[in-house]
Each structure stands twice: as structure tokens, then as C-alpha cells.
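J.: So the chains spell out like this:
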Amino acid sequence: MTNLIHLIWNEQIKLYARKSTWVMFFALAILVLASGIISRLWDSEFQTTEYGTNWQVELQEENIRLTSEMDNDELSKLSNPFQLEKNMYHIENEIKPLPYDGWQFLYDNSFFTTLISLFTIIIAAGIVSNEFKWGTIKLLLIRPISRSKILLSKYLTVLLFAFTLIFFLIAISLLTGALFFGLNNPTQTVVLEHGMGYAHGSLLNVILKDYGLSLVTLLMMASFAFMISTIFRSSSMAIGLAVTLMLAGNSIVLFASHYSWAKYILFTNTNLGQYFNGAEPMMEGMSLSFSVTILCIYLALFLMASWVAFTKRDIAGH
Amino acid sequence: MDKPAVTLQLINLKKKIGNKEIIKGLDFEIHSGEVFGFLGPNGAGKTTTIRMMVGLIDITEGDVLIEGKSIKTDFNNAIQHVGAIVENPEMYPFLSGWKNLKQYARMVPGITDHRIHEIISLVGLEKAIHEKAGRYSLGMRQRLGIAQALLHKPSILILDEPTNGLDPSGIREIRKYIRALAEQENVSVIVSSHLLSEMELLCDRIGVIKNGQLVALEEVKTTENSTALQDVFIEAEPLAQAKEYLEMQLSTGIRLKGKELILSLQKEEIPSILKKMIGQGFDVYGVNVLQSTLEDKFFNLIGENSID
Ligand SMILES: Nc1ncnc2c1ncn2[C@@H]1O[C@H](COP(=O)(O)OP(=O)(O)O)[C@@H](O)[C@H]1O
Ligand SMILES: [Mg+2]
Numbered sequence: 001m002t003n004l005i006h007l008i009w010n011e012q013i014k015l016y017a018r019k020s021t022w023v024m025f026f027a028l029a030i031l032v033l034a035s036g037i038i039s040r041l042w043d044s045e046f047q048t049t050e051y052g053t054n055w056q057v058e059l060q061e062e063n064i065r066l067t068s069e070m071d072n073d074e075l076s077k078l079s080n081p082f083q084l085e086k087n088m089y090h091i092e093n094e095i096k097p098l099p100y101d102g103w104q105f106l107y108d109n110s111f112f113t114t115l116i117s118l119f120t121i122i123i124a125a126g127i128v129s130n131e132f133k134w135g136t137i138k139l140l141l142i143r144p145i146s147r148s149k150i151l152l153s154k155y156l157t158v159l160l161f162a163f164t165l166i167f168f169l170i171a172i173s174l175l176t177g178a179l180f181f182g183l184n185n186p187t188q189t190v191v192l193e194h195g196m197g198y199a200h201g202s203l204l205n206v207i208l209k210d211y212g213l214s215l216v217t218l219l220m221m222a223s224f225a226f227m228i229s230t231i232f233r234s235s236s237m238a239i240g241l242a243v244t245l246m247l248a249g250n251s252i253v254l255f256a257s258h259y260s261w262a263k264y265i266l267f268t269n270t271n272l273g274q275y276f277n278g279a280e281p282m283m284e285g286m287s288l289s290f291s292v293t294i295l296c297i298y299l300a301l302f303l304m305a306s307w308v309a310f311t312k313r314d315i316a317g318h
Numbered sequence: 001m002d003k004p005a006v007t008l009q010l011i012n013l014k015k016k017i018g019n020k021e022i023i024k025g026l027d028f029e030i031h032s033g034e035v036f037g038f039l040g041p042n043g044a045g046k047t048t049t050i051r052m053m054v055g056l057i058d059i060t061e062g063d064v065l066i067e068g069k070s071i072k073t074d075f076n077n078a079i080q081h082v083g084a085i086v087e088n089p090e091m092y093p094f095l096s097g098w099k100n101l102k103q104y105a106r107m108v109p110g111i112t113d114h115r116i117h118e119i120i121s122l123v124g125l126e127k128a129i130h131e132k133a134g135r136y137s138l139g140m141r142q143r144l145g146i147a148q149a150l151l152h153k154p155s156i157l158i159l160d161e162p163t164n165g166l167d168p169s170g171i172r173e174i175r176k177y178i179r180a181l182a183e184q185e186n187v188s189v190i191v192s193s194h195l196l197s198e199m200e201l202l203c204d205r206i207g208v209i210k211n212g213q214l215v216a217l218e219e220v221k222t223t224e225n226s227t228a229l230q231d232v233f234i235e236a237e238p239l240a241q242a243k244e245y246l247e248m249q250l251s252t253g254i255r256l257k258g259k260e261l262i263l264s265l266q267k268e269e270i271p272s273i274l275k276k277m278i279g280q281g282f283d284v285y286g287v288n289v290l291q292s293t294l295e296d297k298f299f300n301l302i303g304e305n306s307i308d
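Protein chains in written order, with UniProt numbering: chain A, 1 to 318; chain B, 1 to 308.
Note that these hints are calculated values from the structure, not bench results. Just so it is clear, CB atoms sit at the ideal spot from N, CA and C, and this is done for glycine as well. Possibly wrong hints are sitting among the right ones.
Claimed, not checked - Computed far set for chain B versus chain A, every beta-carbon distance over 12 Å: (1) G25; (2) M52; (3) G55; (4) Q80; (5) E90; (6) F94; (7) H152; (8) Q280.
As the list claims (entries may be wrong) - Derived pair list, reagent style SDA-like, types lysine to any residue, alpha-carbon separation capped at 25 Å: (9) K19(A) x L95(B); (10) K19(A) x I38(A); (11) K149(A) x K267(B).
Stated by the list, open to error - Quick partial rundown of chain A residues pointing at chain B, CB under 8 Å, derived from the structure: (12) N10; (13) I13; (14) K14; (15) W134; (16) S146; (17) K149; (18) L152; (19) T311; (20) D314; (21) A316.
Produce the entire structure from the sequences given, and follow the hints as far as they go.
T.: Right, here's the structure in full:
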């Protein structure tokens, strides 16, 4: 056990000694900051409006104004219906609109988890193959430590890296959000865009669910890249394949969707959000437990293949 | 005198890759405190054998026992006695020498910072230890490689072509550590090379490998043995009179080859003969002593004293 911790510690040192790792954190920070600045400058009108005790009346007045705007202005015809609908939702469900704040900014930033998936894929793709590239694999594997343990330490390092990035995203988003928009109580009920319409719930719950669900794709694609890099000992191949698949995932599902076996495709199951948004699942016969089972099978396959390739094969050549 | 303990044993070791048998059944033992030279031309199978010894590649047939433990079935207990460099000493280029060593220190329990400092001063890397290893010269990387191999006080040190790419002073220095380790710390050292000249000065015993087979296994005799006869080549003028004079002085025969006289002498006879010749007014242009007989012996076996 101390062994494993030392190995993970070693991996952390190797990871953070390289500039490319810091570039990822830096890029994320810049993007979050930029999105904060843009939100602050351009969306200020609706987001910073404070509503009083007569908020229902205020909303109705706002809707009348929005509707009249649409009669005169072409641009408003496109943008105003969304705000109209949202205001209606507030009135119908008796939820007082809260001003935009750091927590909502955090919620809006959840799409950056796609970028985190990409970064994690890059790390997963290099963590084994780089040792081959550097030639250091020969020094790593002649210690009194089993190859399985070394592989495990590398896999855990990839997961640790993903979590570190996510915590970093959350921290930097809250910080930027607090600075630009202030912070309210995150357990208040909010109305948020949800699929095609709107839904409401405790903001904190919504945030946790959103970030949590994004971990699924991240975990699966990072494990896939880890496998490819361990089998083929090439990081560029692993990055290429994993990113292509991640981007093409939805198209693959769409393309195969009229076959019944499509429900066994990895990408049909990575979006667990389909079981929480009230709509029908993507295909007949699918349920949350079905998808979780399929995901576990894929994960086990990826990890088994990595393990076999790493522990059984000769370390020859360069 | 008792033979020192066997530390490493190859038993009918074979390696097949595809249909090609690369190592065809090696059988030999290495004792503690011994420097064993593993000599053979490029492509003979030295690196492949070493990779099997340290468990980097599978053994097709046979076994390697390290301190009696099989590298195949008892890897952790076998490998803990081994320090090695396989082919080039490759390090993490973005970490300092110190941080590279710390990586390996963390992988074995009980290696203190004090021990790391001790090894660094042994290999003479104190000045550069906090520089990035990527900026090291080949010689410095070789030293760092040796440091890495010695951290955990192994009883067997395996070095694959450690003198590759080093200048003569670097080679001399490595020879110094290796002899010291064997003589003072009783470490068994296995050194591979394709250069006989280097191995002779360094090793106690040399095994010659060719096409995956051991073709010779020889003790290296120390030339300190002063009663042994050595061939001495003397270039002197006038040649005919010199030959005549020496024939009067010595009982043994004297051969003439080109401009040189070849004498069989004991080491301690050489200075007095030379003094006499000079005293007689002969002009001596050169004296060569053929140091070794190993060269002749191995030359035919290896084919050449090859340089790639
Ligand atoms: N992975 C491999 N696949 C096929 N042949 C190999 C492989 N590794 C080494 N060889 C062959 O095995 C022979 C021995 O190589 P090697 O052990 O590197 O020799 P040395 O270290 O003595 O120069 C060479 O002929 C080489 O071509
Ligand atoms: Mg070699």
C-alpha cells in the first residue's frame, strides 16, 4: 500500500514537472475568465436585474415589453421568445427569479468538462507510452514491484488528474463568478434551461448532477485512451482515436440507431442524463441499470486489455 | 580455497522471437566479487540475454536464478538484488539528476537521502545533480545510470555496454568504480561489451557469445606474473649486429620480423637487456610488449575486434 502511494507520488512529480500539464490548467483558467468577462459585458441586462416583492408584476410588464419589441425589431423576434418562455415558467411555478450569480456561472461552465475530458485523454494517452518513448520503462520495470502495481498507479494518476482539473474548474469558476456576479445561497430554487424547455430545482443539486454525469464520458474515453496507449505504445495514436471517437460518438449512435444492437454501443449509454430529464430513453429496452451495466462491461474490457498488454508483453527495442 | 558464493546462474537459457532462436541455451554462473565480461560482436545476443536476466522479456526456456531466486517465478525477490542499466542510460529529461534518483529511491523501501548523497559522490555528480538530466552529457548520464543502479545496494550489478560512447578518461573512471565495487563491496558485476581491449583490463573472467551461444569462457590472467614469458618486439639499428649480440646474451632463440627482433623474455629481464643494448651503442627506436594471449585466442572466435 505504501508502495502504491509512492508510485502515485512519483507519477505526480513526473506529471507536474512538465510545462504541457501547466498549460492545461492555464488554458482552463483563461477560458473561464474570458467567459466571465463576456457574460458580464454582454448579458448584463437580464442577468443582473434584481426583482422586488412584486416580481410577478414586474415579469408580466417585462413580457409585454418583450412582445412589443418583437413587433418592431427583427433581431428580437429571434432572441425574445426564450426569455418570454422563461418568465412564464417562473410565474406558473411561482419561483422568484434570482439574479445571476457565481453558482449559476459555475453551472454554465459545466460544458468545460468536455475540455477536461480532452486534457485527461492526452494525459492518459502519454502516461504509459511516454515511458517507452523516453526509454525509462526499462528502469521502471526492474524494481521489486509488480507490473500490475505500476500500471495501477498510472491509471489512478490519470483519474486523480481528472479530478484535480475538475476541482480547479469549480474553484476558478466560483472565484470568477463571485468576483463578477456575487454569490447567493446555492440551495435556492432556480429555473434553468433543460433540454428543449425549462426546469427548476435546487441549484446545488443541478450543478452536482451535471458535473457528475459529465464524468461518465470522461472516465470511459480516458480509459479507452489509456488502453490504446498501453497496447500500441503510441500516444498520438491513442489521442487521435479517443478524440475522434468522442466527437463521432453521437453520429455513430445516430447512424446505427435503427438496429436493435445499437443499444450496446458505448456512446448510446454514456449520456446518463437521458434517464433524468423526464424524456424517453434513447432506445427501447434501455434503462439506467442497463446503461450502467454496459458501461461497466466496457470499462472492464478496456482495463483488462491494458493489463494483459502491459504485464505479459516483452519490453524490447526502444 | 573455497570458491566465492554463486550470485547469478543461467540455466540453459533460451529465447525465441518468432521462429528465430536468438539465444540458444546459455549456461554459466557468476560469483560474488567477480567482474564478469560478456563479450560478443553486435547482434550476438548480449542485450537480449540481459533483458531476460532482469525480467524485461520472457524466458522461452531455461531460467535465471538470482541469489537462488528465479526471475520467472519469484520476480520481486530476485530483482531486489539487482541493479542494472540496459542499453543506454535513459533518464527523465525534464527532471534533475537528483529527482531522477528520488524516483527510483521511492520504489524500494529504506533508501535514505543520505544514501543518495553517498552514491552521488561515488560517481562524482555533485556539481550537476540539480541540473535537468536532459542537459547531461552522455558521460554524465552514464554516471547517473550507475548511481540509479547502485542506490539499493544490489549484490549484482549488470551494465550493458557501459563504455559505449565514452572517451578514454570516462572509460578509465568507470573501470575504477567497477573494480572498487567488486573488490571492496563484494558486488558481482556483469559488463557486456563488443570490445575485447576494454574487457581485458576490467574483468576477472570473460564469456564470449556469438550467435546466441557461449563459445568461450576464460579467466583473465593478471600479467603481474613476472616469470611468464612475454613476446617483446625491439626495433634497433644496426639490426644484424643487434641480433648477433642478443643471441650471445640470451639462451633463447631470437626471431627477426621486418625491422623488429622478437624475443621471449620474463618481464623483469626487459630493463637490463635494454640497458645492455644501449651500452653497446645500438640505437633503440622502439620496444613493444605483447601483453596478452587472450587477443589471439578470441580473435578467431569473434571474427574481429569490432567497432560499429
Ligand atoms: N524484438 C526482436 N525481434 C526480432 N529480433 C530481435 C529482437 N531483439 C533482438 N533481435 C535480434 O537478436 C539478435 C541479438 O540482438 P542483441 O541482443 O541486441 O545483440 P547485442 O546486444 O549482442 O548487440 C540480433 O540479431 C537482433 O537482430
Ligand atoms: Mg546490445
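J.: Given the hint that K19(A) pairs with L95(B), does the C-alpha gap stay at or below 25 Å?
T.: Satisfied, since the Cα-Cα distance of roughly 12 Å is no more than 25 Å.
J.: May I ask you to check that Q280(B) keeps its beta-carbon over 12 Å from the closest beta-carbon of chain A?
T.: It holds; Q280(B) is separated from chain A by about 62 Å at its closest Cβ, greater than 12 Å.
J.: Confirm or reject the statement that G25(B) sits farther than 12 Å, beta carbon to beta carbon, from all of chain A.
T.: About 19 Å separates G25(B) from the closest Cβ of chain A, which puts it past 12 Å; holds.
J.: Just to be careful: measuring from the Cβ of T311(A) to every Cβ in chain B, is the smallest value less than 8 Å?
T.: With a minimum Cβ separation of about 11 Å from chain B (threshold 8 Å), the hint on T311(A) is violated.
J.: Should the label of E90(B) as a non-interface residue stand, given a Cβ cut-off of 12 Å to chain A?
T.: E90(B) is in fact no farther than 12 Å from some Cβ atom of chain A, at 3 Å.
J.: Against chain B, run the beta carbon of K149(A) and see if the smallest gap drops under 8 Å.
T.: Hint on K149(A): violated, closest Cβ of chain B at ~10 Å, above 8 Å.
J.: Does the CB of A316(A) sit less than 8 Å away from some CB of chain B?
T.: Nearest chain B Cβ about 6 Å off; hint holds.
J.: Close enough to count: is the Cβ of L152(A) nearer than 8 Å to one in chain B?
T.: violated, 14 Å
J.: Was the hint right that K14(A) lines chain B, CB cutoff 8 Å?
T.: With Cβ-Cβ at 6 Å, under 8 Å, it holds.
J.: With the threshold set at 25 Å, check whether the alpha-carbon distance from K19(A) to I38(A) stays at or below it.
T.: violated, 28 Å
J.: Mind checking the CB of D314(A) against every CB in chain B and telling me if the closest is under 8 Å?
T.: Holds, because the Cβ-Cβ distance from D314(A) to chain B comes to roughly 4 Å (cut-off 8 Å).
J.: Does H152(B) clear chain A by more than 12 Å, comparing its Cβ with all Cβ atoms of that chain?
T.: violated, 9 Å
In summary, the numbered hints that this structure violates are 2, 3, 4, 5, 6, 7, 10, 11, 17, 18 and 19.
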